[in-house]
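J.: These protein sequences, in sequence, are chains Y and P. Taking the working numbering, I'd label the letters of the first sequence as residues 1 to 346. Taking the working numbering, I'd label the letters of the second sequence as residues 1001 to 1346.
No lab work stands behind these hints: they were computed from the structure. Please note that the accuracy of each hint is not assured.
Said to hold, decoys possible - With a Cα cut of at most 35 Å, we get these calculated DSBU-like pairs of lysine-lysine:
id: 1; chain 1: P; residue 1: 1150; chain 2: Y; residue 2: 328
id: 2; chain 1: P; residue 1: 1242; chain 2: P; residue 2: 1218
id: 3; chain 1: P; residue 1: 1328; chain 2: Y; residue 2: 150
id: 4; chain 1: Y; residue 1: 122; chain 2: Y; residue 2: 218
id: 5; chain 1: P; residue 1: 1328; chain 2: Y; residue 2: 328
id: 6; chain 1: P; residue 1: 1028; chain 2: P; residue 2: 1122
To be verified - Which stretches of chain P does chain Y cover? Using the computed rule of at least three CB atoms under 8 Å from a CB of chain Y, they are:
id: 7; stretch: 1066–1073
id: 8; stretch: 1287–1300
Claimed, not checked - Which chain P residues stay away from chain Y? Per the calculated CB distances, all over 10 Å, these:
id: 9; residue: 1032
id: 10; residue: 1046
id: 11; residue: 1150
Owing to the predicted nature of the structure, the values given are computational and were not obtained by experimental measurement. From the three backbone atoms N, C-alpha and C, an ideal C-beta is built for every residue, glycine too.
Residue strings, one per chain:
Number of protein chains: 2
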Amino acid sequence: MSKGTLAVVLSLGCAVASSALAQDPLMKAAQEQFRPIPETAPELPGNAATPAKVELGKMLYFDPRLSASHTISCSSCHNIGLGGADAEPTSIGHRWQHGGRNAPTVFNAVFNTAQFWDGRAKDLEQQAGGPMVNPVEMASPATHVVEQLKGIPGYHDAFAAAFPDQADPITLDNAQKAIAVFEATLITPNAPFDRFLRGEADALSPVQKQGLSLFMDKGCAACHNGINIGGGMYAPFGVVEKPGAEFLPPGDQGRFMVTKTPSDEYVFKVPTLRNITLTAPYFHTGAAWDLRQAVAVMGASQLGIQLSTAEVDAITAFLGSLTGEQPKVIYPILPPSVAGTPRPQP
Amino acid sequence: MSKGTLAVVLSLGCAVASSALAQDPLMKAAQEQFRPIPETAPELPGNAATPAKVELGKMLYFDPRLSASHTISCSSCHNIGLGGADAEPTSIGHRWQHGGRNAPTVFNAVFNTAQFWDGRAKDLEQQAGGPMVNPVEMASPATHVVEQLKGIPGYHDAFAAAFPDQADPITLDNAQKAIAVFEATLITPNAPFDRFLRGEADALSPVQKQGLSLFMDKGCAACHNGINIGGGMYAPFGVVEKPGAEFLPPGDQGRFMVTKTPSDEYVFKVPTLRNITLTAPYFHTGAAWDLRQAVAVMGASQLGIQLSTAEVDAITAFLGSLTGEQPKVIYPILPPSVAGTPRPQP
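Build the full structure now, drawing on both the sequences and the hints.
T.: Printed below as a string of structure tokens:
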């Protein structure tokens, strides 16, 4: 076969595939608004993943000694077994203080435009530095994180392997880099909806297809779109009608607190809806325990419509198709503390 | 080769092996007092392990929703990554209360004569029920544990698979059984000392052999013996000389609080020394952070001797040979909460 013939065959192959897709208008419409999760972790700009760096990041992610009390790790609130989040309205942190907002899932967070509900961290690397030093979360003073890590002998080799060109690799910046490359592996491909997006028409049930159709037609997808079905933009909570204070307490002005721009009052990052059935409770307050209720509140507050029970059910069924393969993580063996390791703060 | 010849060859093989062992008096003496950890999990009487039961037990072990707050799991204080214990003097529990005693390692706990520092639980099954309902630990009322589990739909199938002959398998008793069979898999075989016990003379370094020799000659092995180098008996802390109140606070009378027998005052279960370098801090108070210090205190309080620095160093080096292969545990994916799942108590 000549090169020319091959090119013709390939392009014919493509033509056939896209014509098959085009026959299903719902699939075609969905393909225009959403993208499937890839099978492999994306690369982070300026922070190449190596097995040693991913392994170090996993150790740090699970190490409670990064907190002042030595009891709270990234994993405490972003639990691999619970959809990458926790089962709390707001997480419990240092000395049983409650965090201000519901812990977002770490799964697929790498695909979000920015991190935190208010987008105050531009990426996973920057995000990873936040909770460690937040006084209501892990509560470690920033300078202490490095002292703590340097006081655990096994981390010397682990950082040297992850950052082989550096003379003094145990730094907060490198810890954040390593955590970020590990977190980038926490993706959940092959949800039924992803298989549907890839052309598998039967991957969604009839009611899920009906829900997808409503999700696009009613306007949900105006914000919840792209690879993470959310996570790509900001929106005011209550764009049409402000919900009650249980869902939108006046004390939390969202992105306004970051930008100080009046139009950002009560603006939040649109959360991903991937794996949403695994991560109750919902909203930045974690005040909605029932996904159906959350869907109905969104309809009223964001779209100004009263969804019928059947519509809520169908959309909720569609949301169930967003649960992908959960990451398979082998629990890391952490380097032990020794006599000289800095001790937990009571 | 006839059957008879084979038997002769085999018995000759055995004779050669035991004569080789007998040539090393240290190895021979050690083999009389200690036993290696097996490669596979032991069976629990009346609680046969099946893959479904072990998997359920793992889920329960990692599920923070067994605690009132939904933030504390077995894994919080018995961390697979930290030698099966935590890095605290005493663990932090419900509403930031501190437990009364240092969290013992779950690793190889199946080989202990009894569980808890005061032996108040006869086995892993009985132990597993303790922390869930202890008000300073996980703080779930006993009746609530079952309500909680029944309120998580995914547990219905998981319990049915683990206890296939039962009509209503979600019970506290079954939860404890499942946790126990999972915990029985958390064993750490093939420590250098185990390889030495199996005849590998070079598995210990010269200083470790010197330490082993001291460990037996000075009397440490009178209590710390058997498969777990401890865990097989009770002993008064301060049998010769009471240590200071930092190590033996007068308020905690140990096994006396269980048996009310005067001779049990300040009696505690002799802890395992397996993986001891991974589980600082030490003693039931967790007041000793330095393993060398713990060895010296034991010499003075239990044996009435002042160990020299060189002796302490050699014994500590020997203790380093008790670190076995750490369990390889894939983080379990937990069944999600739904709208009707009982919610965390604040």
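J.: Now tell me if each hint is right for this structure.
T.: Going through the hints against the structure:
{"no.": "1", "hint": "1150/P - 328/Y", "verdict": "holds (26 Å)"}
{"no.": "2", "hint": "1242/P - 1218/P", "verdict": "holds (18 Å)"}
{"no.": "3", "hint": "1328/P - 150/Y", "verdict": "holds (26 Å)"}
{"no.": "4", "hint": "122/Y - 218/Y", "verdict": "holds (30 Å)"}
{"no.": "5", "hint": "1328/P - 328/Y", "verdict": "holds (12 Å)"}
{"no.": "6", "hint": "1028/P - 1122/P", "verdict": "holds (32 Å)"}
{"no.": "7", "hint": "1066–1073", "verdict": "holds (count 3)"}
{"no.": "8", "hint": "1287–1300", "verdict": "holds (count 5)"}
{"no.": "9", "hint": "1032", "verdict": "holds (30 Å)"}
{"no.": "10", "hint": "1046", "verdict": "holds (29 Å)"}
{"no.": "11", "hint": "1150", "verdict": "holds (16 Å)"}
The structure is consistent with each of the numbered hints, conforming to all of them.
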